[in-house]
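Protein chains: 2
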Amino acid sequence: MELLENREKPIGVFDSGVGGLTVMREIMRQLPDEKIVYFGDTARVPYGSKSRETVVRYSEQIVRFLQTQQVKAIVVACNTASAYALEALEEKTELPIIDVVKPGAKTAVETTKNGRVGVIGTEGTVGSGIYSSYIHQIDPKVQVTGKACPLFVPLVEEGLWEDPVTDEIASRYLAELIDIGIDTLVLGCTHYPLIRKTVGKIMGEGVTLVNPAYETAVELKELLSQQGLLSPGAPALGENRYRFYVSDAAEKFKRFANSIIKYGILSAKTIPIEEY
Amino acid sequence: MELLENREKPIGVFDSGVGGLTVMREIMRQLPDEKIVYFGDTARVPYGSKSRETVVRYSEQIVRFLQTQQVKAIVVACNTASAYALEALEEKTELPIIDVVKPGAKTAVETTKNGRVGVIGTEGTVGSGIYSSYIHQIDPKVQVTGKACPLFVPLVEEGLWEDPVTDEIASRYLAELIDIGIDTLVLGCTHYPLIRKTVGKIMGEGVTLVNPAYETAVELKELLSQQGLLSPGAPALGENRYRFYVSDAAEKFKRFANSIIKYGILSAKTIPIEEY
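Order-wise, the sequence lines are chains B and X.
In this text, residue positions in the first sequence follow the working numbering: the first is 2, and each later residue adds one.
In this text, residue positions in the second sequence follow the working numbering: the first is 2, and each later residue adds one.
Chain B extracted, bound-state conformation (with noise of 0.2 Å):
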């Protein structure tokens, strides 16, 4: 009985802002019955220009908060704060928790032919050097390069998914990726992925982009098979599935996420963060 109710409950996934409804979205598509709660940090976003020790105790609060939602599992679905704080949450909970940063990592490795890899993020993920590190725990020889992309953030929440603009400072970023030839590219922040057909137009044929979303998902339904905690099947009807936290702005938020996850999202709520 205490196995089933521990099946039953939802996982938690959380990011900065609204980035990581990217991996809430590759969540839903590949653990259809899975109920999930997700938490928007909407009053501190964003994390990816601010420092380690802020990053770590903003996640913090936040592992503690969804644990008062009663989750199995928890997700971190931001580069930045997988970067800097997967290893104090681990410390703090033994909730099984999954990163973005080390499922992109591995695929990463499989897909280099050349042995180049690129990885564009936050200030904080690419200054962090996590990728080049989990990449070089599995293959030291691949050569891993990044190119921290402080404008694209913006351009996404801008709306400016494709447009001139957005190949124009693209162009900018990612030409030293160009010129030294990487075949792989990893989009190592959860908003690049609304902006992966600007990106790869600009990388060309010959640049495989990896997205961490996608591979941590896959990594999530196999963590939750190998420990008996899929969910036995669907939320009965009635049953809120999906439930939205933020700790501003939860009209904003709002909108935004039902142009990213096509759900109806009916509602968000705001708590105060900094009291967990």
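These aren't lab readings, by the way, just hints derived from the structure by calculation.
Keep in mind it's a predicted model, so treat the numbers as computed, not measured.
Careful, some of the hints might be misleading.
For identical chains, the list gives no copy identity; a pair is met inside one copy or between any two copies.
Stated by the list, open to error - Derived lysine-lysine pairs resembling DSBU-like cross-links, with alpha carbons at most 30 Å apart:
#, residue 1, residue 2
1, Lys270, Lys93
2, Lys148, Lys270
3, Lys10, Lys202
4, Lys107, Lys202
5, Lys263, Lys114
6, Lys148, Lys36
7, Lys263, Lys202
8, Lys10, Lys103
9, Lys36, Lys93
10, Lys263, Lys253
Given the coordinates of chain B, work out where chain X should sit on it, guided by the hints.
Relative to the frame of chain B, chain X by itself:
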């Protein structure tokens, strides 16, 4: 003796991050004998896309911090905080408080000849209608048109102060203000003076740009003078004239700050603002 002590106290200036340094720069120019304590809320920046409740809570914490620094007056060097939090702050402290919106509004009314004024700023500032409200208190006949420009702050922080991309984005944002035929444009966000060349070029010679940072320093000088609070003279040699505090990433703040205020900021101290 008590009065002299008050006059010798520093002025407290705060912003969500680095933008308020354009206001501090004006105060340094116009009031070179004053000591200043600057606080930038870099752990929670930006404010422009966040809700009123959150911006009020953050601003109140900062004012409590500045009070521990024995300031004699407070400058809200952030348009969003001015728009949302000024009233709440005035209720919480007896110190004189100056915001950046009122001085900008006043100057806009004095400047316009055709009675058509534009205001550009963050979503928060523009959505609040605060400039319009202050302008109409002075002259109800002035027609005010606001336009949120969410990409300007990231473009400025990426260093693209003069760049074809910034030109293109500015052309899009400003098109409707040109169509309306405004003759006065308020730079309603503290980052915008850094791209005033770009904005001026697109708006053309017939449009006067109002920089609230400048007007705020003028008003501050008047206020301090009226209340007998002007500094009695330059701080002694070796005294710490300007002190900088942030809530996160002090090193990064220092680099950007030095590009704005050319003072040679030697240190910025990180404090836990959530605890105030």
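Could you check the structure against the hints above and give me the numbers of any it violates, in ascending order?
-> 3, 5 and 6
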